[in-house]
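Note that the working numbering gives residue 128 to position 146 of the sequence shown, counting from 1, and the numbers run on in steps of one.
Please keep in mind that the hints were generated in silico from the structure rather than gathered at the bench. Bear in mind that the values here come from a model prediction, so they are computed numbers and not experimental data. Heads up, some of the hints might be wrong.
What the hints assert, rightly or not - Have a look at the derived ranges for each label pair, beta carbon to beta carbon:
(1) 0 to 50: 39 to 45 Å
(2) 86 to -3: 49 to 55 Å
(3) 155 to 89: 20 to 26 Å
(4) 5 to 43: 31 to 37 Å
(5) 105 to 66: 17 to 23 Å
(6) 0 to 72: 20 to 26 Å
For every residue, glycine included, the Cβ atom is placed at its ideal position computed from N, Cα and C.
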Amino acid sequence: MIDDLKSQLGSSMQTMRRFLQRPISVKQGTLTLGVPAGSARAQAREEERQRVRRMRRDLYELMQQHPTSRQLMRHLDLVERTLRREGYAAVEALPVRVIAKALAQLEKLVWDWTPVGLAELRSRLAVMVKSRQPEAEQEAASTAALELEMATHHSPADVTEVDHAEFEEMERSWAGRMPTGPVQAATDPKG
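Working from the sequences, and respecting the hints, build out all of it.
Next up, the structure:
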């Protein structure tokens, strides 16, 4: 029993020694343990992850404050879900049209830009839209050309005049209520 106590105490002392020997860094009021001085790249990656987490958290909280905003602001909801599920790289991969509309919706929804995550998200979305503007113009031109082509290839609508009774009969069949005449004929065994 004494040997067990000695081994536990010895391992506890070694753990405490390793803990106390780890370097400590304080940046912007955040205490970080165990960041070696030579790992600037790892530290930069961790800071980026923290910023993305803050953006994700602040945007999620904003969307939760306004429950109907998810249905009304579909583009912003898509950005929030993409950021939450797949990360910031997936948000960057979204079409520039979606990002531009999400940015406009975010600016309409937010009055107070003091949450750092929302302000940074707004800034990043604006930079994405601005830097990918030629891509957006090319996409808009190809979309407009496609819509024009589709509009010219459609056949003209076939319009005929019918009396009111026939219209009501068709309306009932569209609503899922069949007219009484065909139903009686189908159920009548003599028919």
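Hint by hint, here is what the structure shows:
{"no.": "1", "hint": "0 to 50: 39 to 45 Å", "verdict": "violated, 52 Å"}
{"no.": "2", "hint": "86 to -3: 49 to 55 Å", "verdict": "holds, 53 Å"}
{"no.": "3", "hint": "155 to 89: 20 to 26 Å", "verdict": "violated, 48 Å"}
{"no.": "4", "hint": "5 to 43: 31 to 37 Å", "verdict": "holds, 34 Å"}
{"no.": "5", "hint": "105 to 66: 17 to 23 Å", "verdict": "holds, 19 Å"}
{"no.": "6", "hint": "0 to 72: 20 to 26 Å", "verdict": "violated, 38 Å"}
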